[in-house]
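Enquirer: Now for the letters of each chain:
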Amino acid sequence: MKNALDTLLSEHERITGERIVLALFRSTAGADPAQKATELFNAWQLNSSLTRGNSVLLVFFWKEREAHIEIGYGMEAVLPEKEAERIISEFLIRDLDSSGPNRALGLTVFELLRTLESPLVKSGEAERALRSAGFQGPWAPAPRQPLWLWILGFAASGGLLLFTLYWLTSAEVHFSRYGNFRLRPWELGNWKKPLIRLGILRSKSPRPEHLGTGGGTHGNW
Amino acid sequence: METGNAPLTSSIHPIEQQLIELAKRSSTEIRVHLSRRWIEKDPFGRATDLYNQFASSTAKSDENGVLIYLNLRRRKYAIYADRKPAQALGALFWDTLGVFLASKLKNEKAEVALTSVIAHLSEKLQHAFPAVS
Numbered sequence: 001m002k003n004a005l006d007t008l009l010s011e012h013e014r015i016t017g018e019r020i021v022l023a024l025f026r027s028t029a030g031a032d033p034a035q036k037a038t039e040l041f042n043a044w045q046l047n048s049s050l051t052r053g054n055s056v057l058l059v060f061f062w063k064e065r066e067a068h069i070e071i072g073y074g075m076e077a078v079l080p081e082k083e084a085e086r087i088i089s090e091f092l093i094r095d096l097d098s099s100g101p102n103r104a105l106g107l108t109v110f111e112l113l114r115t116l117e118s119p120l121v122k123s124g125e126a127e128r129a130l131r132s133a134g135f136q137g138p139w140a141p142a143p144r145q146p147l148w149l150w151i152l153g154f155a156a157s158g159g160l161l162l163f164t165l166y167w168l169t170s171a172e173v174h175f176s177r178y179g180n181f182r183l184r185p186w187e188l189g190n191w192k193k194p195l196i197r198l199g200i201l202r203s204k205s206p207r208p209e210h211l212g213t214g215g216g217t218h219g220n221w
Numbered sequence: 001m002e003t004g005n006a007p008l009t010s011s012i013h014p015i016e017q018q019l020i021e022l023a024k025r026s027s028t029e030i031r032v033h034l035s036r037r038w039i040e041k042d043p044f045g046r047a048t049d050l051y052n053q054f055a056s057s058t059a060k061s062d063e064n065g066v067l068i069y070l071n072l073r074r075r076k077y078a079i080y081a082d083r084k085p086a087q088a089l090g091a092l093f094w095d096t097l098g099v100f101l102a103s104k105l106k107n108e109k110a111e112v113a114l115t116s117v118i119a120h121l122s123e124k125l126q127h128a129f130p131a132v133s
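Line order of the protein sequences matches chains A and B.
Here the first sequence stands for residues 1 to 221, numbered as in this note's numbering.
Here the second sequence stands for residues 1 to 133, numbered as in this note's numbering.
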């Protein structure tokens, strides 16, 4: 993937005069990503008259999963800061979590080139180069799970946990002249009742009519 | 159900002993069901269901069984009596028995309270429904 990206960015620079530089670091080592990007941008003279400010620097820190795009003055019109932030959050960071670094970097560079209206994207050259380097999947970031799905998931898990706890702590013991028996929750057949009521299951011991004629009492203590 | 589960204890439980004694002297059957379920809206309905589920087929066909139900977590009780004992002993008896059970449960352990109530109930049932020799 590294070679493919090198080739692609060199070719883009050759055709358009726009320089895109990727700088990958293990860690920020306490530095501010934006400040580090500015320092590098200046140190590598990416904003100089030589490049006419037609440069973009993407700095990425693996450990912290933080990134910053520094944009040369000649590129600000085609790549506004907000668009750069969107590319980082939607393409680089999100895909890094779901698909891994190779795809995330490939997709980010492709999106940068697409935003800059690179001829390599229009001709399909960029796609071919990245595919041949092992890029797989669509040219779009991994879909974000909607919030309602998360809420639903949490609610379902919580409900299941409560139900299980309820089930396990509702022990029952039955005494008869034949012995006493601890009843497991599933032996009580409570889960069947709604299904029997709906007519999906048939009761093994249908309630005799005379049961209603019995008596007794009930209350609290 | 009687054959499918392992007994809770190897020795005979005092409640179980009382139920065996009753079976020798009376044609009726008493069952006791203890629960610790969290939600208990209708203990009497539950007692009726449990009676239907667990009472022996003889007791059900003869309509002479009784089931005592306690929810130890929610502190609720219900006594379900099938048609014959319900009629033979009368509504007042069952209400009094309920009050007796509640007062015992307030002051004593459930096991002790049940033993007293079963002893009292057994005595009445023995007279009303003596064992068929």
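Any given hint might turn out to be false.
To be verified - In silico DMTMM-like links for lysine to aspartate or glutamate, alpha-carbon gap of 25 angstroms or less:
1) A/K192 x B/E40
2) A/K122 x A/E172
3) B/K60 x A/E172
4) B/K109 x A/E172
5) A/K2 x A/E172
6) B/K106 x B/E63
7) B/K124 x B/D95
8) A/K122 x A/E13
9) B/K41 x A/E187
10) B/K106 x B/D62
11) A/K192 x B/D42
12) B/K41 x A/E172
13) B/K60 x A/E125
14) A/K193 x B/E63
15) A/K193 x B/D42
16) A/K82 x A/D97
17) B/K106 x A/E172
18) A/K36 x A/D97
19) B/K124 x B/E40
20) B/K104 x A/E172
21) A/K193 x B/E40
22) A/K122 x A/E39
These are computed hints drawn from the structure, not numbers from a lab.
A quick note: this is a predicted structure, and the numbers were derived from the prediction, not measured.
Enquirer: A separate judgement is required for each hint: does it hold in the structure or not?
Expert: Okay, the hints, checked on the actual structure:
1. At roughly 18 angstroms between alpha-carbon atoms, A/K192 and B/E40 fall within 25 angstroms of each other, so this suggested pair holds.
2. Proposed proximity of A/K122 and A/E172 is contradicted: the alpha carbons are some 72 angstroms apart, above 25 angstroms.
3. Distance restraint check for B/K60 and A/E172: the Cα-Cα separation of roughly 22 angstroms lies within the 25 angstroms cut-off, and the hinted pair is therefore satisfied.
4. Restraint check: the Cα-Cα separation between B/K109 and A/E172 comes to about 17 angstroms, which is no more than 25 angstroms; the hinted pair holds.
5. Annotation: proposed proximity of A/K2 to A/E172 is violated, straight-line Cα distance about 65 angstroms (limit 25 angstroms).
6. Restraint check: the Cα-Cα separation between B/K106 and B/E63 comes to about 31 angstroms, which exceeds 25 angstroms; the hinted pair is violated.
7. Only pairs whose Cα atoms come within 25 angstroms are accepted, and B/K124 paired with B/D95 is accepted, the gap being roughly 14 angstroms.
8. Distance hint between A/K122 and A/E13 is fulfilled; the C-alpha atoms sit about 15 angstroms from each other, no more than 25 angstroms.
9. Our distance criterion of 25 angstroms between C-alpha atoms is met by B/K41 and A/E187, whose separation comes to about 20 angstroms.
10. For the hint pairing B/K106 with B/D62, the CA-to-CA distance comes to about 34 angstroms; that exceeds 25 angstroms, so the pair is violated.
11. As the CA atoms of A/K192 and B/D42 are separated by approximately 18 angstroms, the hinted pair is consistent with the 25 angstroms bound.
12. Pair hint B/K41 plus A/E172 holds up; C-alpha atoms about 16 angstroms apart against a cutoff of 25 angstroms.
13. Distance check on the hinted pair: B/K60 and A/E125 sit about 84 angstroms apart at the alpha-carbon level, beyond 25 angstroms; violated.
14. Proposed proximity of A/K193 and B/E63 is supported: the alpha carbons are some 24 angstroms apart, at most 25 angstroms.
15. Restraint check for A/K193 and B/D42: satisfied, since their Cα atoms lie roughly 15 angstroms apart, inside the 25 angstroms limit.
16. The straight-line distance between the Cα atoms of A/K82 and A/D97 is roughly 22 angstroms, inside the 25 angstroms bound, and the hint therefore holds.
17. Taking the CA atoms of B/K106 and A/E172, the gap is about 21 angstroms. The hint holds against a cut of 25 angstroms.
18. For the suggested pair A/K36 and A/D97, the alpha carbons sit about 23 angstroms apart, so the restraint of at most 25 angstroms is met.
19. Distance hint between B/K124 and B/E40 is unfulfilled; the C-alpha atoms sit about 29 angstroms from each other, more than 25 angstroms.
20. Taking the CA atoms of B/K104 and A/E172, the gap is near 21 angstroms; set against the 25 angstroms cutoff, the hint holds.
21. Pair hint A/K193 plus B/E40 holds up; C-alpha atoms about 15 angstroms apart against a cutoff of 25 angstroms.
22. At roughly 33 angstroms between alpha-carbon atoms, A/K122 and A/E39 are farther apart than 25 angstroms, so this suggested pair is violated.
When held up to the earlier numbered hints, the structure conflicts with 2, 5, 6, 10, 13, 19 and 22 and fits the remainder.
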